[in-house]
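From first to last, the protein sequence lines are chains P and Z.
Under this note's numbering, residues 1 to 114 are what the first sequence spells out, in order.
Under this note's numbering, residues 1001 to 1114 are what the second sequence spells out, in order.
Heads up, a few of these hints could be off.
Some but not every residue of chain P turned toward chain Z, in silico, with C-beta under 8 Å [what the hints assert, rightly or not]:
1. 11
2. 17
3. 33
4. 36
5. 97
Honestly, the hints are just simulated from the structure, not real lab data.
Note that beta-carbon positions come from the ideal geometry of N, C-alpha and C, so glycine has one too.
This is what each chain is made of:
2 protein chains.
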Amino acid sequence: MPGTLGEFETLVLIALARQGSDAYGVSLCSDIADRTGRDVSLGAVYKTLERLEAKGLVASRIGAPTAERGGRRKKHFKIAAAGERALMDSLNALRSMTEGLEATLPGAKAKGWL
Amino acid sequence: MPGTLGEFETLVLIALARQGSDAYGVSLCSDIADRTGRDVSLGAVYKTLERLEAKGLVASRIGAPTAERGGRRKKHFKIAAAGERALMDSLNALRSMTEGLEATLPGAKAKGWL
DNA sequence: TTCTATATCTTCGACATCGTCTATCTAATC
DNA sequence: GATTAGATAGACGATGTCGAAGATATAGAA
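Using the sequences provided together with the hints, build the complete structure.
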C-alpha cells in the first residue's frame, strides 16, 4: 500500500524513462497517447507529474527559452532513482502475476495478453 | 478514461484469469500476496471484486458448503468476457509503453524491467 | 439433541490517494 | 498588443485500503 503506483503514474514513469532528460509535459502526453491509443489530457499528465515529484519519484528543471514562435519555457522532467525503483517494483509485480498465465489460460498468448 | 483499470483491479483480474472458476476472495488474496510480495488485505480484494462486478467485468456465484471445519459458504468469482477484454487492453497498453525501453535505457533489461 | 465455541469467509463504512476534466494563467515571439 | 505554446488550479468522481462487524458452517460439550 505505501509506495505503490497508480495505473497512470506507471505510464508516465515509463514515458519518462524512455524519453531522456528533455521530456516535458507535452512530449510525455503525446507519447502516452500515441502508444496506448487513449486520449490523454495535458492536465492529467501535469497533475500526475506534480504528485510524482512530491513523492520524490521525478525531478524537474526549467528549460531555457527556445527560438520558436511563442510559448512559455518548458519544464523538463526526469525520472529519479527512487522513481526507477518504484517503476521496477511495479513492473515486476505485473510480470510475476502474468507469468505462467498462458499455461492456465491457453488463449492468453494468442489473445496478446503477454 | 472510461474503462481504464486501476493498478489493483488489474492484479485482481489477472489472478482471476489464472485461477479457474473456483477462485474466491481468500485464494485471490493470497495469490496476489504471494506473487507480488505485497501484503494485501482481504477487504481490499473484496471491495475491488465488488466494483469489478458492478462494472460487469467479473461474475460471481455462491458455492456449496464444504466439509471443512468452519466457515461461511464461499463466493466464487470468474472473469467475464468484458473483463478479459479490459485486461487485455490494459496489458497491451503496458506492453506498448515498455516496448523498446531497453534501447533508450540500457540498464532496463538488466534491472528486470521487462 | 441443542447449545456454544470457533474457524472461515464476506460485507460495511470511512477516508486517503489517484485520475481526469475544464478553465485559467504565464511567458515567449511577432 | 496579438498570438501561441506550455503550465497551473480547482473540483470531483473513481480507486485503494483498512479495520471492524456480520454471517454461517462444523466440532464438540452439556
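Results for each hint:
1. A hinted interface residue such as residue 11/P counts as satisfied when its beta carbon comes closer than 8 Å to some beta carbon of chain Z; here the least separation is about 6 Å, so the hint holds.
2. Proximity of residue 17/P to chain Z holds as hinted, the smallest CB-CB distance being about 5 Å (cut-off 8 Å).
3. Because the closest C-beta pair between residue 33/P and chain Z is about 11 Å apart, greater than 8 Å, the hint is violated.
4. Contact between residue 36/P and chain Z, as hinted, is supported at the beta carbon level, the nearest pair being about 4 Å apart and thus within 8 Å.
5. Hint status for residue 97/P relative to chain Z: holds, with the closest Cβ pair at about 4 Å, below 8 Å.
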